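Novice: Chains as they are written, first to last, in the numbering used here: chain A, 2 to 105; chain B, 589 to 786.
Please keep in mind that the hints were generated in silico from the structure rather than gathered at the bench. Hints may contain errors.
[As the list claims (entries may be wrong)] Simulated restraints, written as ranges between beta carbons of each label pair:
| hint | chain 1 | residue 1 | chain 2 | residue 2 | range |
| --- | --- | --- | --- | --- | --- |
| 1 | B | Leu753 | A | Ala59 | 18 to 28 angstroms |
| 2 | A | Gln93 | B | Ala700 | 22 to 32 angstroms |
| 3 | A | Ala100 | B | Val746 | 16 to 26 angstroms |
| 4 | A | Val102 | B | Phe656 | 23 to 33 angstroms |
All of these numbers come straight from a predicted model, not from anything done at the bench. Here a beta-carbon is modelled for each residue, glycine too, at the ideal position from N, C-alpha and C.
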Amino acid sequence: MTQWLAPMESYIALSAVMFFLGVVGVIARRNPLIVLMSIELMFNAANLALVTFAKLWANNAGHIFAFLVVTVAAAEAAIGLAIVVVAFRRAQYVDVDEASVLKG
Amino acid sequence: MIAFWLLSFALIATGVFTITASKPVYSVVGLLGNFVILAILYLTLNAEFLAVIQLVVYSGAILILFLFVIALLSSGVKPFDIGPDRAPRIGVPAFVLALIGLCVIVFSVVRAAVVGAPNAPEGITGQADAFGSVGDFGVALFTKNLLPFEVTALVLMVAVIGVVLLAGDEKPAPPRRKPHARDLEREPIVKPVEKLIR
Chain A
2 MTQWLAPMES
12 YIALSAVMFF
22 LGVVGVIARR
32 NPLIVLMSIE
42 LMFNAANLAL
52 VTFAKLWANN
62 AGHIFAFLVV
72 TVAAAEAAIG
82 LAIVVVAFRR
92 AQYVDVDEAS
102 VLKG
Chain B
589 MIAFWLLSFA
599 LIATGVFTIT
609 ASKPVYSVVG
619 LLGNFVILAI
629 LYLTLNAEFL
639 AVIQLVVYSG
649 AILILFLFVI
659 ALLSSGVKPF
669 DIGPDRAPRI
679 GVPAFVLALI
689 GLCVIVFSVV
699 RAAVVGAPNA
709 PEGITGQADA
719 FGSVGDFGVA
729 LFTKNLLPFE
739 VTALVLMVAV
749 IGVVLLAGDE
759 KPAPPRRKPH
769 ARDLEREPIV
779 KPVEKLIR
């Protein structure tokens, strides 16, 4: 491991911090767009952990997995935003608390 | 080393800005900074291809999608955000919950640092010389992991079809030709898709 590189534990800790920033965003915000962006934050935290472990073990399976995560995140963003658009068109709200149409 | 701390501080700062911004457009800007810094961090971890993918797919495609949706929804008559934010009510419990989870992870990381991380199992490490280069990644992607790569195409196809079905335009379909009498006698075999999703 080169000298200028921070220890791998710091990368993992950074990934954990970023993941829980995303968790706070998902729980505390009401705007569905910001909730989706927080989910993207969590995806990226997971990716950072995967890339770090790939570097730790000198094995690029982690890179492959992160690549798959990126595609899944793209699909998730597209579908999530489509749902937001449909919900807004239907009820003119932008608030996850108000979205109770499916409530039994 | 110093670069890592600067980058990590900037990463956390942009993340905090993303989840605390008052308007979604500001959040997108924060997220853009976050993604760019993350791409630099990937470069320090020898993940060249993922750094480029991070810039192209995340900063280029996904954030533009967010911006388009924000522009689309904000052009309505009503104000974009109605009512106070939920953060004052639920922000503290959410923060405590996140802090507990964070402590669990940081504890396990620190313990792993003290005890020593497990070594890679036999036969998993490899490619140490060219590790992380684009060529290395490409060979691994198209030889050993070809099937997951193809499944990716399926996932994206499902997403595209789902988005078109969900958010396709609301206008009624163009008028069909007048049915013949012999068509009316037959039972319709395939129901129109629009009826299924309503």
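Novice: Against this structure, judge whether each hint is valid.
Specialist: For each hint, the structure was consulted:
1. Distance hint for Leu753 (chain B) and Ala59 (chain A): a CB-CB separation of about 44 angstroms, inconsistent with the stated range 18 to 28 angstroms.
2. Taken as a hint, the range 22 to 32 angstroms is violated for the pair Gln93 (chain A) and Ala700 (chain B), whose Cβ atoms sit roughly 50 angstroms apart.
3. For the pair Ala100 (chain A) and Val746 (chain B), the beta carbons lie near 23 angstroms from each other, so the given range of 16 to 26 angstroms is met.
4. At roughly 24 angstroms, the beta-carbon separation of Val102 (chain A) and Phe656 (chain B) lies within the given 23 to 33 angstroms, and the hint holds.
In summary, the numbered hints that this structure violates are 1 and 2.
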